[in-house]
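Protein chains: 2
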Amino acid sequence: MLILFTLPIALLNMSKRKTSIEDIARKAGVSHSTVSRALRDSKLISSKVREEIKKLAQEMNYVPNAIAQSLQNQRTYTVGVVVTSIADPFFGELVEGIEQVAREAKLNVLLSASHGDFEQEIAAIENFHYRRVEGILVADSRVSKQYTPKLTQFTVPTVLINIDTEDQGKTFHSVAIDDRLGGSLAVKHLIELGHTCIGYLGVGDGSKAAQQRLEGYQMALAQAGIAQNPDWIAIPNPDHEIIKDLDIGKKMLPQLVEAGVTSIFCYNDMVAVGALLACKELGLSVPRDLSLVGFDNTALSSYVTPPLTTVSQRMLEMGKLAMTMLLDLSQGKTVENLLLSPFLVKRDSTDIKLYR
Amino acid sequence: MLILFTLPIALLNMSKRKTSIEDIARKAGVSHSTVSRALRDSKLISSKVREEIKKLAQEMNYVPNAIAQSLQNQRTYTVGVVVTSIADPFFGELVEGIEQVAREAKLNVLLSASHGDFEQEIAAIENFHYRRVEGILVADSRVSKQYTPKLTQFTVPTVLINIDTEDQGKTFHSVAIDDRLGGSLAVKHLIELGHTCIGYLGVGDGSKAAQQRLEGYQMALAQAGIAQNPDWIAIPNPDHEIIKDLDIGKKMLPQLVEAGVTSIFCYNDMVAVGALLACKELGLSVPRDLSLVGFDNTALSSYVTPPLTTVSQRMLEMGKLAMTMLLDLSQGKTVENLLLSPFLVKRDSTDIKLYR
DNA sequence: CTGTTAGCGCGTTCAC
DNA sequence: GTGAACGCGCTAACAG
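Top to bottom, those sequences are chains A and B. The numbering used here numbers the first residue of the first sequence as 731 and each following residue consecutively. The numbering used here numbers the first residue of the second sequence as 731 and each following residue consecutively.
Heads up, a few of these hints could be off.
Put simply, identical chains are the same to the list, so a pair is met inside one copy or across any two.
Here are the simulated PhoX-like pairs of lysine-lysine, each with C-alpha atoms no more than 25 Å apart in a straight line [what the hints assert, rightly or not]:
| # | residue 1 | residue 2 |
| --- | --- | --- |
| 1 | K1076 | K757 |
| 2 | K1063 | K748 |
| 3 | K748 | K773 |
| 4 | K1063 | K1010 |
| 5 | K1010 | K980 |
| 6 | K980 | K1063 |
| 7 | K980 | K773 |
| 8 | K785 | K938 |
| 9 | K757 | K784 |
| 10 | K778 | K938 |
| 11 | K974 | K1010 |
| 12 | K974 | K938 |
| 13 | K918 | K1083 |
| 14 | K784 | K1010 |
| 15 | K980 | K1076 |
| 16 | K1010 | K1076 |
| 17 | K1076 | K836 |
| 18 | K918 | K836 |
| 19 | K974 | K757 |
| 20 | K981 | K757 |
Derived by calculation from the structure, the hints in this document are not laboratory data.
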């Protein structure tokens, strides 16, 4: 009878359930708390039995159970990260940065993709909450403003990345890139090269980035006292089917050339590459006939011909800073929102204006 | 006395600790198990108190504790993923695929980067074990063979991605790309275009991929009955300082041209782009004077001029398949290792051989 | 239908 | 130095 009962239990233990401190306690003829102490190098335990228990644990290849520990410690050593798309090299860099400093702080990263969908973003964050993460990072949500009501319930430190937080409460913190400065840098560079007919080639989403880069463009022109021409600004109608940035660059370039610009600041590298391709079709030489500046400093920008002058986003750094901020936050420190300054990367797609 | 004791506890509850089913049970005047059942829609509970409890839970904005549930269920609904670098767009795509099917299966993804370091890979996997993940995915480890001894201890289903498993035991499973076939596809394409002097431009790491792509090249030539020339194979000395793939392409191209090839199969897109740049410097036109084939089908390949003919890796699909395999595994199904067939993407860097 | 009890694996008093 | 007992939050078995 006794055998009939112990057999299946033993089988279960062997097959699936991992060894616990109770298992090794039984084998060592001590109590489970002695084992717990021995494994944690408590000085209360005689060094003799401590070594013995450690050896035993090794043999039974014991692996402590983080779940049980979490329940006891009230700590999960986990942070949650939400990005719109993992495949986007941009967010890849960002997550890399986050993971690096998380790892140093002995924290693990739980990753979720929202695909730009509001529902999925909320679901991901609630799930993180459910799992008791110790911090949350949300990157580049376009629907961020709808967050506020739902998110204020959350007690977990949260930092938003590349989201406009000007109108947010004190609940959230953020690190973002200064797109206005970026646009301004690009245009100033062109001005320094002697250009005065400078175009802007943008995209039609209503994003904060799009708006601010354009503002940077206008600011730089105004500061230099250069007259602005509406025909030099090309932005596709937002009603249009969503087309790829590359195609936007391709299709919109001719009208700017037509309008007489000698240089163009493009919303991003993709648009710039599109413009570059269009130039080739038109028989225009870059930078001889037309100077082009991109934005983002994606890997792409250095491999096209000619390599693109562009504005660097520093996503890796943003990830590191955001995670560092999260760490500070969970230690009760007060933090300041960060607005990172992008910088110009000069390559070969820009040159001094030729007077022909 | 009683007040002195309850006050700090109450404060603690208010400040940090989230509301538990016990909290809401107390407020509702029922037992905690009644609350548990009500929340889980047990039919044992009268619909009246069930609704009442649910409303109460809502008000106290109760969020169940996944940790406590895990301890009880013996399930974590978590899988661990190890990649060498998250920033690499390649792995970004892979992880995207993994996350997509994980999400459908209600599983969360714990992400770790190894940076190609053996120690870190092991550490990541042990950490996953410690956290009781329900499955592990490891991508592209070059030191995979050293794994076996350590990893056989693990009972968690594990699938290896893009790792040669021919010599591995039955403990692990894998999905990988057929590099040999890929190389063969590329070269066959060149043969069909009339080329007979076909070069191979490779890299000097001793990876399985490097070796098998070269084998594919040789196989295709042999099958077509085309004579092989050692001078048409350019592979940098592995002793050299580790240089970037792009530079390898740039530096090694001239010697192949010298040797008289009319087309080249490059180890990857990066090498091919390097070769492309070198061609420009030499005044060679691609594909007029020289046809070039890459490997990987990175975003890059479609944006250079001319767009690169290349072999597609399908990382997104690999991620999906690997995760699906993991799911099957944890359901006790028997699975077969997968060897994915890459396919050729024809673009503009290859053309029929011109007789001049 | 509902309450009581036990237990998931572990850390931690509090006694001995 | 060591063991017994309790609690972390929850589910499930067993009583009523």
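> Among the hints numbered above, which are violated by the structure, and what are their numbers in rising order?
Replying inline: 1, 3, 4, 6, 7, 8, 10, 14, 17, 18, 19 and 20
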